[in-house]
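Colleague: Assembling the complex is the task here: the two chains are given apart, and the hints tell you how they should meet.
As a plain string of letters, each chain reads:
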Amino acid sequence: MKFTLSWLKEHLETDATLDQIVEKLTMIGLEVEDVDDKAALKPFVIARVLTAEQHPDADRLRVLSVDTGDGKPVQVVCGAPNAQAGLIGAFAAPGTYVPGIDVTLSVGKIRGVESHGMMCSERELEISDEHNGIIDLPKDAPVGTSFATWAKLDDPVIEIGLTPNRPDCTSVFGIARDLAAAGLGTLKNAAIPAVAGKGACPVDVIIEAPDLCPGFGLRLVRGVKNGPSPKWMQQRLKAIGLRPINALVDITNYVTFDRGRPLHVFDAAKVKGDLTIRRARDGETVLALDEREYRLTPEICVIADGNGVESIAGIMGGEHSGCDENTTDVLVESALWDPMNVARTGRDLGIITDARYRFERGVDPEMMVPGLELATQLVLDLCGGEPSELRVVGYQGYEPRGISFPVAEVKRLTGLEVSGAESRGILERLGFAAKGEGDVLEVSIPSWRPDVDGKADLVEEVMRIHGVNEIAPAPLPSHGAVNGQILTTLQNRTRSARRALAVRGMMEAVTWSFIDEKQAKLFGGGDPMLKLSNPIAASMSDMRPSLLPGLIAAGQRNAARGFADVALFEVSGIYENDRYEGQRRVAGGIRRGTAKMEGAGRHWRGNSPAVDVFDAKADALAALEAAGAPADKLQVVAGGPEWYHPGRSGTVRLGPKIVLATFGEIHPRTLEALDADGPVCGFEVFIDAIPEPKAKATRTKPRLDLSPFQLVRRDFAFVVNKGVEAVSIERAAAAADKKLITAVRVFDIFEGASLGEDKKSVAIEVAIQPRDKTLTDEELEALAGRVVENVGKQTGGVLRG
Amino acid sequence: MSELEELEKTISAEIAAAVDEQQIEAVRIAALGKKGSVSEKLKTLGAMSAEERQVMGPAINGLKARITEALTARRTELRDAAIDARLEREKVDVTLPVRRPPAERGRIHPISQVIDEITAIFADMGFAIAEGPDIETDYYNFTALNFPEGHPAREMHDTFFFPPDEKGERKLLRTHTSPVQIHTMEKQEPPIRIVIPGKTYRQDSDATHSPMFHQLEGLVIDKTANVANMKWVLQEFCKAFFEVPHLNMRFRPSFFPFTEPSLEVDIQCDRSQPGEVRFGEGNDWMEILGCGMVHPNVLRACGLDPDEYQGFAWGMGIDRIATLKYGMPDLRDYFDADVRWLEHYGFRPLDLPTLFGGLSA
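Just so you know, the protein sequences line up as chains A and B, in that order. For the first sequence, the positions run 1 to 801 when full-length UniProt numbering is used. For the second sequence, the positions run 1 to 361 when full-length UniProt numbering is used.
Incorrect hints may appear among the rest.
[Claimed, not checked] With a straight-line Cα cutoff of 25 Å, these simulated DSS-like cross-link-like pairs (lysine-lysine) come out: (1) A:K521 / B:K199; (2) A:K188 / A:K2; (3) B:K223 / A:K411; (4) B:K187 / A:K694; (5) B:K199 / A:K531; (6) A:K152 / A:K231; (7) B:K223 / A:K531; (8) B:K199 / A:K518.
In short, the hints are calculated from the structure, not lab data.
Excised from the complex, chain B in its bound form (with noise of 0.2 Å):
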């Protein structure tokens, strides 16, 4: 065996035996450094005669090459190896919880969301949201709304009164959210389209019957509203809100001293699943909504003449629909802030209801 190959055998076998990559780097200095064994085979060349250098240079050269190669080929090896190591001691329970994020344990009121469904609906039939305060007065909530003093009607809505101030004048707590039909009417132009969410109260309190709710209102005036367009308004908003493609509805005379006609609405459904209700099928008819033509004397109280102007306006509960809709069993429940309530019934803070998306998809 020649001297070289003796000397490849050597570092091959060093370059193996390397555990690390300092050996490796060792084994290099020992062959390829300033002084290695391979560099000074290679000082040798100079002193050579041609001939002798002819042989010798490749073949020296073809050594340094292969131990470089080697040298490589080891150390990717050993980093590999390394690698591998940290990663088995880096191993963990993937399985062990992480917290929720906060995005996903919030959460929005039923009455919120569905007031933002009912706003996404409205605000594509080219109303706009309006709003009032919830400490009337008697001229807002009833004198101009057509209740004359001393009406049975007024008696129906069970009102909260503030007391007498030094005029002899009592506040009340809105018993409706019509109140804001008069703001609108007296201070802006027709046409006007708005609905109107909002708090209201009466002194009365069940299961199906909360001293507070909400209500929504809405108020078409312009030169040609009727009782068609109405029809129209009510049965696009409820199967928009519903989420369903087809809905019964029926409309049947009824009486509000705030309009005239009047009409009160129900829609069909199936209620013979508990807690559950399915519209557009069934045998139940199911009470949603008043509503009617603006009377001539509310028109007249707000400084718009009858015979010029007309439309019609309509209230239902909020509660009232986002039971119907997503089926809390009882009022009281949605005052009560219990957070296992609030997880069940809430909705996610990010889900923000459009018509584009769906409402509630």
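For reference, chain A alone in the conformation it holds in the complex (with noise of 0.2 Å):
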């Protein structure tokens, strides 16, 4: 919403000046965003030229000698073809900023003869497009002044960021209303005349939809000339944006800004037979003012005559019965529209006006009658003619509504304390009418003001005029404890999982919830409930099932800017359903080119390797375990989803259900469909799979046991079947005595001709911690053969000789 400083002050008696007006409506809530004060046309000054003589070398320029009103002529040379002695203009001293041409002037030599400045044209100084000479000014333009000061274009622009709940300052004359209640002057207020007609309106008013149109205004004018409206309205139009048209148009313009009153003007002589309000038929067609052709539905509300749609309601009018300068006979309408019904359609059309911008937030139903007063009184005062009754349908009248107002109230949520009577003061300067004197107002709301229903609204009321500034913080009070846990345990495990996959070495990523739809179906997606139905681009636009798809293209993004080895993780959601429980809270990571947790590329002490299937692994586990997965117990069995190398690929599990992580090298056609290269491994832990903690009575960790006996290793080499899985060696050797073996660890892996074909020979190291006694030879002897017979039995392994 933008005004002018005058124009305010058309409803405003006040001295404040501009800062204290622009300080007081951001404090009451008008947030002011943007104050032109004009002052980049101040330097310009009226100046006359004196003479006018030819350029000696150039046909089209003159050297001017131009009176700026000190008394010393100044010499001048221009090329515009209206500069003649005695013309007054506008004159830019050297020094002066020229928007029009974004050019600081300085004294210059045009082919020779030197130039002290620069009569303007208006497009030079922005104030219309004219450039076929230079401004040229009525014979009793004072020279020496301010240009802008007289032709009255120093009037400050003020922009202010309306709130969707305030239609009542959708008008210049509200957003006075606002400032005086705040104490920033007196409301202008008195009330608009009401204009005498002579007879009937010819035109009748049919209203079908009176759900969609709770009423409607409407007056004839006869014989009006319409042409171009005057300057000052003209000014005041341009200052806020808006093109003059002509007198009609421009009028309906004035008031929809004045007085937050949008209005239509119909030339009556397109308009054929009466008015009716109704709702489109399918398909009906409309070519509006803007010149575009809209197809309707019965969802909108239109004016319609026996031509058909004329006008579509609360948005914009036709062009077929619009006033141009050959109306001599106007209707002016001034209706009342369903807010809901106005947004919808504005919003489903695509069309952003003045008048839906008002009736959507709810323009005042007191204001369609005297708002028709107002246009008609402004479209004698400048067309002339003649003015019909008024034709008024369909309205009601506005019944206020009441509320009971505790003052205290305001108290109560603020902490402001506000004497009931400066409540009172405060409604009533915004036109609220309070009754009572004692602890609760009977407060009856204007017609002006939908947005206020209730109690909290008064209270915001009285502390906006009252003043935000004059609330003093006040502590909240104190919990009176020490804080126990505040973090839940699935945060807690978010956070350590995040801190683990960065200690190892990992950048941390954000990436898109919503990825492209075949990288979605690479990793299992792409159920159409996960699809957006707006998104902003089409490779984002189904809710991401995995957070590898983002990692794997942030790798390649980095690849491409030449950094080839980098590790990525992301702790965050993956979305299973629609559903709350289907959105997974996950750690995801990959690994790309040979970003090993020690490091990555060359290194003179030896390079660093591709990435492979057990740094995914590693990077798993010790996100699982970081997050409180207990470690003991966690299965890993081979294989993993299909966007992993099959033979390269693992499953983390919990007992035979739960899958608490996968792992893996990314599969080769994965990564060819991603339009990514590898080598890159990744893996995917499933926090909230984790089962909570149980409830522990103690903090108390169990007794160390140490034994006192000294441990004892032992190393086996066994030949197995290249099938057979390292896990099901160290088991079985561990079976073999439960009590005293505490550890068995795979420390060789060799494969080789000598052992025969798919034979590959497995060295594992057995710990054998004695608990009573040092164990004897025999004893050692009689478990180390255990260990081989079990495992001779569980894997067909046979002891290398």
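Modeller: Laid out in structure tokens, this is it:
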């Protein structure tokens, strides 16, 4: 919402400065977004051309002697065809910034003749597109004074960002009322006089859709002359960014901004029969004033006549019955429209107009008739003519809603001490009627405040006018205790997994929750219910089923920038379905190129090899352990989802059902489909699948039971079929004596022709912890025998000779 | 020269000539071994007369002591020399680079770090951290928050929608973290003090708007919480978060459907230095958050009587306050995973924000 200072002062008697007004507007909730104080036009002064001689070396230039008012004529070289002795125009001295040509003037020589300034065109001052000649002012323009002040171009323009709840401040009058209530002057609140008409309005109005049109006012003015509107009106409209069209149209725009009362004018000669307010018929079309044709639906309310649709109600008039310079009889319309219907229609048709802006917020119903009277008076003043009587159809009048308002609510909700009398005064200045003297006021809401419907709204009115700055901050009462655990288990696990992965040299990324459909499908997604109906881009259409595609793409982007060895992770949501529980908390990561935990790339002590499935496994297990998964109960089994290499991927499980993680090298076909290259390994850990830890009665750790006898380590090497998993050998060895054997660890794998086809040797170290006594050689031998026997039985492994 | 003197001279010369421990040992055995020259002399004492022994005893024993001492000294000397020689051989170029430890190479994303900073501050004020889902229903995102159907305020949210289900209802991506207010009030009896960090989505994209961004919501519900308390909480938060002793804030009336009264908050700052923001000085007011008293209709939607319970809520952009504090120029970079950006703007994994250690100390 834009307006000028002089326009505001038409409704507000005030001595306040521009700065005071701007500050107050913001502090009462009408946030000032921009102030143009027209300082750029200040340096231009009115000057008279004393003489104009032909330039000695240029046919099109003249050398002027210009009186700028200080008695010392200055020499100016000028190319304007209308530059002649006696002309009075706008002069810019050297040092002046000329906005239309984006140049700061200096004394210069033009074709050898010195020029000490410039006589300007309107375009050079950015006040119009006129550039056929320099500004030519009337003879009485006072030489030596400010051009902008004389031409009334120095009127500051204020723009406020209006919140959607304030229809009353879509008008300059409404803004003046708010400022007056806040003590910045007196509202000029004279009633709008009615215009006496002659004879009934000959056009009747039939409201077929009363739910969409709660009132309609119409009046005919015959014999108007529709030329350009007067300069003062044009200047105000231009100042707020509107293009003057003709007097009738300009009047509707002026009243729209002045009173928040949108109007429409029909050329009566082009209206056939009576006006009908109805829902549009499916497929009906209208050519609107923006010269676009709109296809309508029964959701849309229109004004129609014998020709068809003439106007889209509350949004935009039709081209057919619009007013132009040939209009002699005009129908002036002031109507009320259902705000929600206007909002929906505007959205569906994609039309943004000043009328829609007001109707969808809610236009003051009590302004319908006065607005029409005001418009009629302006038509008579500017265009002449003879008005008919008003025709008002369907308007039921305004029944003020009431609120019982305990004045103590202000203190309860804001902490402000405001007396009942002051609360009442504020409300009354804003136009509320308040009855009662005691603790409870009976407040009735004025017709222009549809946003107010409860006690809290009245508290806001009192607070904003009294002053938010008056509220002194007050500490929130302390809860009187040392905080206990603040974070939930899931929150703690998320944080721990994140830090654990970063500690492993990975960088945390935050990637989009929505990805390309093709990527989603590659990772088990593509559910139509997880597809955005209105994505911002085709490549951001589907809620991600996995963190990996986004991270792989991020890895590839980095590679394209010359950083091929990157380790990235993300701890965030993935989406299995559109239900709340379908959003999972996942820690996922990738390593690309040689981005090992120890470091990447070449190094004088040895280059890093390519990343592989074991890097991903180590990351997954680290994240799981950090997140509190029971490390000793985790099972790693071969194989994972299809986006991994089938022979180089694994799944971490807890029991037969719970999948806690998957990891592996990314399948070459998946990489190809993602336009990525490798090597890339990755993992995903499902943090929310980790069971809650059991509540413990005590924080005491179990007693440390150290054996006094020395640990014995024995090595074994078994030859087994290649397909035998290392974990089965470890398990078989450990099972040989669950009491004495405390750890089994594979420390070497060997494959070679000497072992035979499809064979491999697996070497393990078995840790034996004697409990009650040192073991004898015989006992150790017996234990070793059991290890060999058990491994043989479980895996077919034979001790390597 | 006596025989003993002769012997001592010979052995001393041999000791001095020894160049390694083996030769020293050979000299020792030749002198002091079972059949060594000095040992042989000692054996002669038994056959001597008492008088003779009185003279020769101390002389031979003295010789033995001196030789032993000389041997030890020479041995130490040789050992030191051997170590010195080894150290000389083992010398390396210590200016050669070692690999940087993973804990120094890894990075925490600024959003995560800032959420941890926020958590530290609000936990200190007795707030819990609440979370909620990204995919929401119209009811939780709008209706329960007092956005009437068809109200222009809904349109301002540029909502992402999913296709309608068999009942014609469309789910959506939450446009703010406020739905979690409703979920919390439905589940938990007041008093409530929560902050809600999380992802939010709007159909908007430029240097300062991203279709995905992060919000921090706060909610306090009890029987007394008012605007004065809200001002205090937000002022204390901003001072603590921006780590400045003094900050000017401006609360001005505004509008949000789910609060009444509603306010927007600006902080005073100096942005005259490109790429740098200083708080507590300067002439600029920068908007950083919206807040207000929870609207009675919102309380009612959660089954709370607005004449008994009251409270306040606020929302601010996490990415925005992170930008203000740490100076990243373009919001879109947050989601690009450029390792150069992460390395520069990210945080070291072991830099855990705490109040006692200073948030970003």
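Colleague: Each hint: holds or not?
Modeller: Status of the hints after comparison with the structure:
no.	hint	verdict
1	A:K521 / B:K199	23 Å, holds
2	A:K188 / A:K2	20 Å, holds
3	B:K223 / A:K411	13 Å, holds
4	B:K187 / A:K694	23 Å, holds
5	B:K199 / A:K531	18 Å, holds
6	A:K152 / A:K231	10 Å, holds
7	B:K223 / A:K531	43 Å, violated
8	B:K199 / A:K518	24 Å, holds
Checked against the numbered hints above, the structure violates only hint 7.
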